[in-house]
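The chain contents come next:
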Amino acid sequence: MSGRLVPVLQTGAFIVLALVLCSLIFLSVGLSATGTLSAIIDGAFFRPNALNHILRWGLPLLITAVGVIISFRAGYFNIGAQGQFYLGAICAAFAAEWLRGSPALVAVPICLLAGMAGGALWALWPALLRVKAGADEVITTMMGNFIAAQFLVHVTSGPLKDPAGSGQQASSRPIDAAWRISESTGSSPIIIAIAALVVVFGWWLVNRTSFGILSGLAGRNPVMVTWQGAKVQRIAISAFLLSGALAGLAGSVELMGPNGRLASGFLPDHGFTAILIALVAGMSVIAATLVALFFGALTSSGLWLPIMTGLPSAAIDIIHASIALFITAKAGALRGLLSWFRR
Amino acid sequence: MKAEQHTEAGVTAPALAAEAVTVRYGEVTALSAVSTRFEPGRIHAVLGQNGAGKTTFARVAAGLVPPAEGAVTVFGRRLAGGDVAEARGAGVELVHQSFALPPSFTVAEVLQFVGPKAGLFTKRGIERHWQRWLDGLGLGLDARARIRDLPIEMQQSAEIARAMVSDARLLILDEPTAVLSPKGTERLFARVRELKAQGVTIMLVLHKIREVLAIADTVTVLRGGELVAGPVEAQDLTSETLAELIIGEAAARLDASDRAALVGAGAQHQPDQGRPDAPPAVVLKGISTASNTRGNGLSEVDLTVRCGEIVGIAGVEGNGQRELVAAIAGLEPLTAGEISLADQRMETASLAARREAGLRIIPFERNVEGLSLSSPLWENWGAAQLVGGSLLASVRPRNLQRSAEAAFQAWDVVFSNTAQPAGSLSGGNAQKVILSREMDPGAKLILAAQPTRGLDIGATMAVWKALRQARGEGAGILLVSSDLDELFDICDRVAVMVSGRVVAEFAPPWDLKAVGRAMTAAGQQPALEAVP
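These protein sequence lines are chains Z and E, in that order.
Note that my numbering gives residue 295 to position 295 of the first sequence, counting from 1, and the numbers run on in steps of one.
Each position in the second sequence, counted from 1, maps to that position plus 343 in my numbering.
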């Protein structure tokens, strides 16, 4: 087990280093480092109802992150979680609009499924471009993010526009209150159950199925898997679709749960934070659960910061960014070592 | 001109002197305390098995690798090592095993590029200048030819010419014959003698006794990084004594034909004539593939491998062997022809279906096509069990790990646990992992592509034993190798490929000359035949 402990300790050390770097940044703008850090920690873990807030922000991130892990492990750098998340929310919102008036027991599952389908669809075209034409999925999925964000603006100010809206921020009509799967400010047993299902499914898929083993091999050496007779294209498309579907599910959960309506430009960092979670977790579904909750805590603390210290909530972005810096530097160092080893 | 320079440098200084040279790569000692002296103006062969340290010795002598201990002197100048310019200044040049000339350049451009002159030139001018110079060398090269259009043998000549531009007085060729046909080897040796006549000292790294005895003035033998003998006058040596020097104590335990095959002394094994009445494991009828970036595709290849038979594919590399293996595997689409595997038509079947029918593959590139180096051993082994089934099939890693462990033990793989990455194994052990995966009782046709390349004696013998055992159990084996001694030792029949065609088939008793002629004769590019 000590073999597993090393990366865990290493990752912990990187997070501590990132916090030290942040303290230096806070110091450099004339803030007290310890004061700011303790405010962040207070806001994350010790304010009233902290656990509920952690779950509210952490669980949707976790759902998307599991999808990211599935595609990254297969060797496909689907950077499009954000766009797939938006498309999921948009499709769920359309479904909700069409189902207006039907009972919650019918509408909620259909909306969630519509969200998954939307996310999967937004991952399908980069997958096909990659598999059939060799187009780099990093570029296509990232472009997909911009298109999805513009589409969200269009939808919220066009087809799904709330006629009673204030006009300050374009948004859809609110979801039927009976269909909401959580309060605006917290999590709920339903969301916890969905996230738990996703984690169990993700863990099983990655560690206990043919797909998990073969996609892991293909992610490291697709040529070898081809010579073993595996259908690498099928693995690739499945990995893209699954990761898109999970991002889309997170989108519909946000819509049906805490958000309650589709607003243009909502949660613009969701997908990128989920990618960061997958990287910090070292592509392990179990580790991602803990890491997602940690990032959930940071996000919830970000909303608390302006009240406590007068810092903008964007200060949390500095922490995210420093963690990303250290984690990617680690991944880069590992890749360097690997290529040296291959030589 | 060369001879003059040589006398200038002093007749007494040896061309190369190594004093207790030790080279380490990380924890591996590649050479340990090797001391030797090569007299100038002669042809020196350095001989040994894979992993004996030959290439390391060549690299340290050419000043590419600094020795950890000891000293290397070239014509009396001590090399610090790790500096090509320094070595060049001392008059030593190395021609590598794999060539590195820019494919789009002409020979004249290459020579101009590495030459010392700067300024403005006309294309015609440099072509004329270098053609004169090339004619003096007697390499038979056309200065106007583009590198990519040259057959491999002439590319090697261009490499030699490139090395001679700096007026090298000690020319080191690392395994120059590995890429050549027997005929090409003869021509190379003629050129080497020509260079010697011009006063150049030559060090040839070789691993075949036949070749060494044909060309060398002195022989130096390395084994396991240590100097076993040398330099010894070649005329005082017989092929038997050399074989024992190369292989060491293990030589006594080897079958005479295997021993001869290992050291390239001319194997004459007479296998039982195959089984002409056995059912075919694979039948290829007129298969062709589209031509690809590597050159020609296959063109109307007919070939049958029967159960209980080893059929060899001989040929200079790049004559369609890779395409043949890929076509049988279903990874290279056919433009025409039929493939039957174990009596089932398979030309449109997926590789998974072909594996289901009993196809097994030991691929050319062990570390790319054969294994995922950064993945754990058990996943590498287990992939074969998973590809046939559904992607959602449930897998018990513990069971796969146990099966892998049992298989590795049965194949004498040296490993510590099944979770270690495949890249942490030595080449021989890595190949045994592939054997343990591919050579199960369900195997009906085994494609073995260069299965012993780069392996030491022990691992080579393990591969041969495995192939013979599979033959004994009734599998058909198609063995692709560029080593004729290997083919002659273990094959029942040998087919020769040239330019994507099977041009001839041979059965024992083997006639090296005839096979060699077939490898170079039909369909070769005229540039090759133009060589005097």
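Honestly, the hints are just simulated from the structure, not real lab data.
Backbone N, C-alpha and C define an ideal beta-carbon position, used for all residues, glycine too.
Misleading hints may appear alongside valid ones.
Under 7 Å between C-beta atoms, here's a sample of chain Z residues computed to sit facing chain E [unchecked claim]:
1. Trp98
2. Ser102
3. Pro103
4. Arg208
5. Ser210
6. Phe211
7. Ile213
8. Leu214
9. Leu217
10. Arg220
11. Asn221
12. Val223
13. Ala230
Checked hints:
Of the supplied interface hints, the one on Trp98 (chain Z) is violated, with its beta-carbon coming no nearer than about 32 Å to a beta-carbon of chain E, more than 7 Å. This hint is violated: Ser102 (chain Z) has a C-beta 32 Å from the nearest C-beta of chain E, more than the 7 Å allowed. Checking Pro103 (chain Z) against chain E by beta carbon gives a least distance of about 33 Å; that is not within 7 Å, so the hint is violated. The beta carbon of Arg208 (chain Z) comes within 6 Å of a beta carbon in chain E, closer than 7 Å, and the hint placing it at the interface holds.
With its C-beta approaching chain E no nearer than about 4 Å, Ser210 (chain Z) sits inside the 7 Å limit, and its interface hint holds. This hint holds: Phe211 (chain Z) has a C-beta 4 Å from the nearest C-beta of chain E, less than the 7 Å allowed. A hinted interface residue such as Ile213 (chain Z) counts as satisfied when its beta carbon comes closer than 7 Å to some beta carbon of chain E; here the least separation is about 6 Å, so the hint holds. With 7 Å as the threshold, the beta carbon of Leu214 (chain Z) comes within range of chain E, its nearest partner Cβ sitting at about 6 Å, so the hint holds.
Satisfaction of the interface hint for Leu217 (chain Z) is found here, the shortest Cβ-Cβ separation to chain E being roughly 5 Å, below the 7 Å cut-off. Because the closest C-beta pair between Arg220 (chain Z) and chain E is about 5 Å apart, less than 7 Å, the hint holds. Checking Asn221 (chain Z) against chain E: minimum C-beta separation of about 4 Å stays under 7 Å; hint holds. Annotation: Val223 (chain Z) was flagged as interfacial toward chain E, and the flag holds, the nearest CB pair being 5 Å apart, inside 7 Å.
Interface hint status for Ala230 (chain Z): upheld, as the beta-carbon distance to the closest one in chain E is roughly 5 Å, under 7 Å.
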